[in-house]
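Undergrad: For chain A, the structure is supplied; the task is to place chain B on it using the hints.
Quick mapping for you: the protein sequence lines, in order, are chains A and B.
Read in my numbering, the first sequence has 164 at position 164, and its numbers run on one by one without any break.
Read in my numbering, the second sequence has 1201 at position 201, and its numbers run on one by one without any break.
I should point out that these hints are in silico values taken from the structure, not numbers from a laboratory.
One thing to keep in mind: the hints can contain errors.
As the list claims (entries may be wrong) - Chain A stretches covered by chain B per the calculated footprint, using a threshold of three residues with CB under 8 Å from any CB of chain B:
1. 82-94
2. 108-115
To be verified - Lysine to aspartate or glutamate pairs mimicking DMTMM-like chemistry, simulated, CA-CA at most 20 Å apart:
3. B/Lys1040 - A/Glu102
4. A/Lys113 - B/Asp1029
5. A/Lys113 - B/Asp1128
6. B/Lys1180 - B/Glu1088
Computed from a predicted model, the values in this text were never measured in an experiment.
Every residue gets a Cβ at the ideal spot worked out from N, C-alpha and C, and that includes glycine.
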Amino acid sequence: MSDSSAAVRLSGVRLDRGARTILRDIDLVVPRGSVTAVLGPSGCGKSTLLSALTGELVQAAGEVEVLGRPVPRRRQDLLELRKSIGVLLQGNGLLTDLTAAENVALPLRTHTKLPAAVLRRLVEMKLHAVGLRAAADAYPRELSGGMARRVALARALALDPPLMIYDEPLTGLDPIASGVIMSLISRLNDTLGLTSIIVTHHVHETLPVADRVVVIANGGIVFTGTPDQLEGTEDPLVRQFLKGEPDGPIRFDAEPRVEAA
Amino acid sequence: MAFADTLRGLGRAGLFSVSVFRATRPTADFWQELVREIYKIGARSLPIIAVGGAFVGLSVTLLGYRSLQTYGAGGQISFLIGLGMYRELAPVLTALLFVGRAGSSIAAELGLMRATDQITALGLMGIDPVGKAVAPRFWAAVLTVPLLTAFFCSLAITASWFQAVQVLGIDNGSFWQVMKDAVDFRDDFLPAFLKSAVFGGTAALVASYVGFHAEPTIEGTSVATTRAVVNASLLVLMFNFILSAFLFR
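This is chain A alone, in the form it adopts within the complex (with noise of 0.2 Å):
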């Protein structure tokens, strides 16, 4: 695959946490125009590889390049960079003393200088594109976690970054919530032609929408395929994190930390 239909490459790529190394040995490429499926249980190092993606975590080694760049370090051309990137965080990061408008017309109003009227159309067509549009004057603590996380996935969308990164967006929704978010990610990303990264845990309900899936356990990539092939894998460890067993490669206690080279 060449590199300008790679959305993301990582190459022997290392991430470490203090004196802790999480990921090893990382090499993958997310191609354009797909969705990618990052699995793996909880506290394998996804927020980590997430965070190199973004430039807050700098690789200790290897190379991590994005939309045909590396990330840059220089602090200015790394908010530069992240106006191409969306993303979902976990905890939403909705700045609570704005509305779910404000929210949203947060970053159009800090990188454009589109006129006010333009500004509030445009708002209102991410609100739409949610399904929130009558919530737009709604205080996130007003609104249900299901509600904020679809305000949080508008201001995301609202520079049309061509990549979107999804950190955990099923945790603390309930099934009809997770369906609508997973429904609108999948919509979202065929119709804007965007390229996402869904870093997740929820095995079954992310599946369905990805193209391709990565899973990461014990330090590194240990599946990349599709889903279909993830399905049929044999490897006990990739089995084991998909039927959810206790015992078997991956270890469920505390694992002991391994210093960095």
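TA: Chain B alone, transformed into the frame defined by chain A:
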């Protein structure tokens, strides 16, 4: 080791302060936030400043009058009140009340923003969190504390007049004339405002720094709030001595 940690902490706080100045951009969003913060930390502090000022005016007048009366100089009480308020008491006590009322709230707000991913979200949207969340609070404090000091002085002097003239029986004309002769606009009034602006900025920077870097937990927010009040209060007292030594030679 502890010395090295302290030095490192001071260095980080210094760099954070520089980043607040660098992140200040006079955008429409900034002015909007500034007005909101002036209301939140300034206007809402008015009641405690008013009550504090009035009681300080009353008690200093009572204490000062008794001491001066020993030497038959009870009529000079407004000299003591005027100079004492503008030079020392009003800037320092206003700043300490401001630290307790607004400094703690700045630290708690930023700590909660950290704990609820709001600061992370700003950075991920390509928005500088220092420019968005810290700079308006800092400038609001720099602008607001001198005005609160003026309000404190007004209430303290009014209360002092009531105590001296209405209760202790000092002549009304003499009270105002002595005060007018004692307080100089350039030597006393302006330095009081300069000190207040420095104290406001110091309080906001300390509160913002500890809140912004708080552990993203409930306990972390609580620790940050306490640390903001203690550290900012001590720094205000320390800076007051340094500024007084330079300004009132």
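Undergrad: To test your reading of the hints: which numbers does this structure violate?
TA: Per hint list: zero violations.
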